[in-house]
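Just so you know, the sequences run in chain order A and B. All residue numbers for the first sequence refer to this note's numbering, where the first residue is 1 and numbers rise by one. All residue numbers for the second sequence refer to this note's numbering, where the first residue is 336 and numbers rise by one.
Do not rely on the hints blindly, as some may be mistaken.
[Unchecked claim] Covered stretches of chain B, going by a simulated chain A footprint (3 or more residues, C-beta under 8 Å):
hint, region
1, 380-390
2, 557-568
[Stated by the list, open to error] Here are some, though not all, of the chain B residues that point toward chain A, as calculated from beta-carbon distances under 10 Å:
hint, residue
3, 356
4, 485
5, 488
6, 578
[To be verified] Now the in silico label distances, taken between C-beta atoms and shown as ranges:
hint, chain 1, residue 1, chain 2, residue 2, range
7, A, 195, B, 567, 42 to 52 Å
8, B, 393, A, 204, 21 to 31 Å
9, B, 393, A, 296, 22 to 32 Å
10, A, 294, B, 393, 22 to 32 Å
11, A, 204, B, 586, 43 to 53 Å
12, A, 225, B, 532, 50 to 60 Å
13, B, 432, A, 314, 55 to 65 Å
14, A, 299, B, 396, 31 to 41 Å
15, B, 540, A, 6, 26 to 36 Å
16, B, 566, A, 162, 31 to 41 Å
17, B, 396, A, 214, 18 to 28 Å
18, B, 556, A, 58, 19 to 29 Å
19, B, 586, A, 195, 32 to 42 Å
20, B, 409, A, 266, 54 to 64 Å
These are calculated hints, taken from the structure and not from any lab test. Since the model is a prediction, treat every value here as computed from it, not as a measurement. All C-beta atoms in this analysis are idealised placements derived from N, C-alpha and C, irrespective of residue type, glycine included.
There are 2 protein chains.
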Amino acid sequence: MNYLCEEKLVVVGAAGAIGSNICQQALTERLTPRLTLYDINEASLRGTARELCHCAFPGARITRTVHVNEALDGADYIITSGGAPRRVGMKREELLTENARIAAELGLNIRQYCPKVKFVVVVFNPSDISGMTLLVQSGLKPRQVTSLAALDSTRLQYSLARHFRVPQDQVTGCRVYGEHGDTMAVFHSGVGIAGKSLSELIGTAALSAETWRKIQDDVRTAGKQIIEFRGRSSFQSPAHHAVQMLRSFITGERFAWPSGSYLNVPETGMGHLFMTNDNTINAHGVSSKMPVGTAEEMAALQASSQQVASLRDMAIAAGHLPPLADWAKVNPHLG
Amino acid sequence: MNYLCEEKLVVVGAAGAIGSNICQQALTERLTPRLTLYDINEASLRGTARELCHCAFPGARITRTVHVNEALDGADYIITSGGAPRRVGMKREELLTENARIAAELGLNIRQYCPKVKFVVVVFNPSDISGMTLLVQSGLKPRQVTSLAALDSTRLQYSLARHFRVPQDQVTGCRVYGEHGDTMAVFHSGVGIAGKSLSELIGTAALSAETWRKIQDDVRTAGKQIIEFRGRSSFQSPAHHAVQMLRSFITGERFAWPSGSYLNVPETGMGHLFMTNDNTINAHGVSSKMPVGTAEEMAALQASSQQVASLRDMAIAAGHLPPLADWAKVNPHLG
Chain A
1 MNYLCEEKLV VVGAAGAIGS NICQQALTER LTPRLTLYDI NEASLRGTAR ELCHCAFPGA
61 RITRTVHVNE ALDGADYIIT SGGAPRRVGM KREELLTENA RIAAELGLNI RQYCPKVKFV
121 VVVFNPSDIS GMTLLVQSGL KPRQVTSLAA LDSTRLQYSL ARHFRVPQDQ VTGCRVYGEH
181 GDTMAVFHSG VGIAGKSLSE LIGTAALSAE TWRKIQDDVR TAGKQIIEFR GRSSFQSPAH
241 HAVQMLRSFI TGERFAWPSG SYLNVPETGM GHLFMTNDNT INAHGVSSKM PVGTAEEMAA
301 LQASSQQVAS LRDMAIAAGH LPPLADWAKV NPHLG
Chain B
336 MNYLCEEKLV VVGAAGAIGS NICQQALTER LTPRLTLYDI NEASLRGTAR ELCHCAFPGA
396 RITRTVHVNE ALDGADYIIT SGGAPRRVGM KREELLTENA RIAAELGLNI RQYCPKVKFV
456 VVVFNPSDIS GMTLLVQSGL KPRQVTSLAA LDSTRLQYSL ARHFRVPQDQ VTGCRVYGEH
516 GDTMAVFHSG VGIAGKSLSE LIGTAALSAE TWRKIQDDVR TAGKQIIEFR GRSSFQSPAH
576 HAVQMLRSFI TGERFAWPSG SYLNVPETGM GHLFMTNDNT INAHGVSSKM PVGTAEEMAA
636 LQASSQQVAS LRDMAIAAGH LPPLADWAKV NPHLG
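Put together the whole structure using the sequences plus the hints.
Structure representation (C-alpha cells):
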C-alpha cells in the first residue's frame with residue numbers, strides 16, 4: 001500500500017461536506033500519507049478526523065488543527081474548500097464578498113506560513129475570484145494556483161451523452177471556458193460524439209440549434225439542479241475533481257478537464273483575469289493559454305471574461321484584492 | 336483506467352450518506368464500471384446519480400432506479416446501506432424492528448430477482464441481525480453474505496494508538512468479536528503494540544487494567560461520539576470498509592478486518608448466529624470460525640453472542656425471521 005508521495009497535504013475546510021470527502025478521496029487515491037485537516041468548526045473537525053482514522057488507511061498520518069499557522073506550517077499541497085457554501089437560490093456572485101475575504105486571508109496566511117507550498121487547488125465559489133484572490137495575495141506563481149472548473153465540462157459531457165444516447169465517455173473534448181458561473185462559455189468546437197464532430201451536428205436533425213441552446217442552459221443550471229434534487233450543493237463531484245487535479249500535479253499525468261488559471265492577455269481585453277482557460281495540469285502545475293473557437297464562441301468567452309472582470313473589480317472595491325496597477329507589486333510573479 | 340471486473344454492482348440505499356459514498360468509492364477504487372443505484376427517495380437518487388456522472392469516471396455505466404426488481408435484475412454484487420439510520424440517542428436495538436423488516440424484504444427480493452448474486456455486503460444496523468435476516472430469507476450460502484463490523488476493530492486500533500502514542504498502523508491484530516453493538520467483545524489476545532504483546536502490557540504501568548477497561552468502553556461508544564461531533568452517524572468509514580470488503584471478494588486480497596458472518600456451533604451455545612467471528616473475506620467469500628481467546632474473552636464473547644441471540648429471537652417474534660427449526664427449510668444452506 002504505497003503512497004504517491006510523502007509530502008504534506010493540508011485540506012482547508014476539512015470538516016465540511018466537500019472537505020471531508022476530499023480527505024477521504026486523497027487517502028483512497030493514496031496521494032500521500034501526511035494529511036492535515038484544518039477547519040474552524042472544532043467538533044466537526046474532530047469527528048471527521050476520527051472517521052478517517054476509523055478507516056485505518058495503512059501508513060496514514062492524520063493530524064487536525066483549528067489553528068491556521070499550525071495547519072500550513074510545512075505544507076506542500078493545499079486543497080481548500082473552506083469558503084461559505086452556496087445556499088438554495090443564492091447566486092454565485094452573492095458569495096463574492098464573503099468568500100473573497102476568506103480567499104485573501106488564506107492567501108496572506110500562505111505567504112506567511114508556507115511560502116514554499118508547491119500547489120494549491122481552490123474549490124470554493126465563486127471559484128475564479130477565490131483562485132484569483134488567493135493567487136494575488138499569496139505571492140505564489142500562476143502555475144501553482146488552480147481552481148475547480150471541471151464540472152461545467154463534465155456536465156456538458158453528461159448532457160450530450162444523454163441527448164445522443166451514447167455512453168458518457170464517447171463524448172470527447174468537452175470544454176467550457178470563461179467564468180465558472182452563469183456566463184460560462186460552452187464551446188462546441190473540438191467536441192466529438194462517438195467520433196462525429198458536434199459542430200457539424202448542430203443545426204441538423206440530430207441536434208437542432210434550439211436543443212443545443214437548451215443543452216447549454218442545462219449545463220449552466222446543473223449545479224442548481226443538484227441542490228434541488230439533494231437539498232444541498234454538489235459535494236462529491238467537486239471533491240473528486242479537486243483530488244484528481246492534485247493527483248495530476250503529483251503524478252504528472254495530465255488532468256483530463258479544464259481548470260481555473262491566471263491569464264493575462266491584455267491585447268484581447270483579457271488582462272489580469274483568473275478563469276477557465278485552455279489549460280492543463282501536470283507536474284509543472286497549471287499552464288494556460290487562450291482558448292480557440294469560432295467567432296461566436298470567442299464572443300461568448302469575451303462576454304464571460306467581462307463578467308469575471310466585473311466580479312474582480314467588486315473584490316478590488318471591497319479591498320480583498322489590490323488595484324490592478326499594484327498586482328505586480330503585491331505579487332511579482334504577475335508582472 | 337481499467338476496472339477490476341465487469342460485473343453488475345447494485346448499491347441499495349444509494350441516495351443516503353453512506354450509500355452515495357459507497358458509490359463514489361466503488362468507482363474510485365474501480366471495482367466495476369457497471370453500477371446501479373437503487374433508492375426509494377427518487378429526487379435524492381437522481382441527484383446522487385447525477386453527481387457521480389459529473390465525476391466522469393471513464394468507462395462508467397451508471398444507472399439508477401426506484402424499482403427493486405429492475406435494480407436487482409442480473410446483479411452480481413450488492414452492497415446495502417438501505418436501512419433506517421440510527422438517530423441521536425437511539426440504541427442499535429431500537430432499530431431492530433424497522434431494519435429486520437427491511438432486511439427480510441431485501442432477502443426475499445434477492446431470492447426472487449437475483450438468486451445468482453455472488454456476494455452481498457450488509458451495512459445497516461443492527462448489522463448482525465440485518466445480515467442474518469438477509470441471509471436466511473435470500474437463500475444464499477453463508478459465505479456469500481457478510482456485514483460491516485470492521486469499525487469496532489479499527490476504533491480499538493485508533494484508541495490504542497492514541498494511548499501508546501504510536502502511529503495507528505503499529506497497532507496490529509485488533510479484533511473485536513460478537514455483537515456489533517454495546518456488548519461487543521473487545522479482545523486483547525493477538526494485539527501487538529509496536530511489536531509488543533498487548534496482553535502482557537495490560538496491568539503494567541504502561542496500561543493499567545482500569546485504562547484498558549476505559550479503552551474498551553471508548554470503542555463501544557465511538558459511534559455515539561461521531562454523532563456528537565458531526566451531528567450525524569458515521570458514513571465515510573462504513574462506506575470505506577464496505578467497499579474494501581467487496582474489493583477483497585473481487586480481487587481475492589484478504590480483507591484486513593473482521594466482518595459479520597454466519598456461525599453455527601451449537602455445542603458452544605452459539606448456534607444459528609450471525610455476528611463478528613474470526614473470519615476473513617477473500618475470493619471464496621466470507622469464511623468463519625470461532626474466535627480463540629482467554630477464558631475471560633471467551634466469556635465476554637459468550638455473553639455477546641447471547642445478546643445477538645436475543646435480538647435474533649425478537650426478529651423471529653416479529654415475523655421477520657422464521658423459527659430456528661425452520662431455517663434449514665427456508666434456506667437449505669443453513670442445514
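Hint check:
| no. | hint | in the structure |
| --- | --- | --- |
| 1 | 380-390 | holds (count 9) |
| 2 | 557-568 | holds (count 7) |
| 3 | 356 | 8 Å, holds |
| 4 | 485 | 8 Å, holds |
| 5 | 488 | 8 Å, holds |
| 6 | 578 | 9 Å, holds |
| 7 | A:195 x B:567: 42 to 52 Å | 46 Å, holds |
| 8 | B:393 x A:204: 21 to 31 Å | 28 Å, holds |
| 9 | B:393 x A:296: 22 to 32 Å | 30 Å, holds |
| 10 | A:294 x B:393: 22 to 32 Å | 28 Å, holds |
| 11 | A:204 x B:586: 43 to 53 Å | 46 Å, holds |
| 12 | A:225 x B:532: 50 to 60 Å | 57 Å, holds |
| 13 | B:432 x A:314: 55 to 65 Å | 56 Å, holds |
| 14 | A:299 x B:396: 31 to 41 Å | 37 Å, holds |
| 15 | B:540 x A:6: 26 to 36 Å | 35 Å, holds |
| 16 | B:566 x A:162: 31 to 41 Å | 36 Å, holds |
| 17 | B:396 x A:214: 18 to 28 Å | 25 Å, holds |
| 18 | B:556 x A:58: 19 to 29 Å | 25 Å, holds |
| 19 | B:586 x A:195: 32 to 42 Å | 34 Å, holds |
| 20 | B:409 x A:266: 54 to 64 Å | 59 Å, holds |
The structure is consistent with each of the numbered hints, conforming to all of them.
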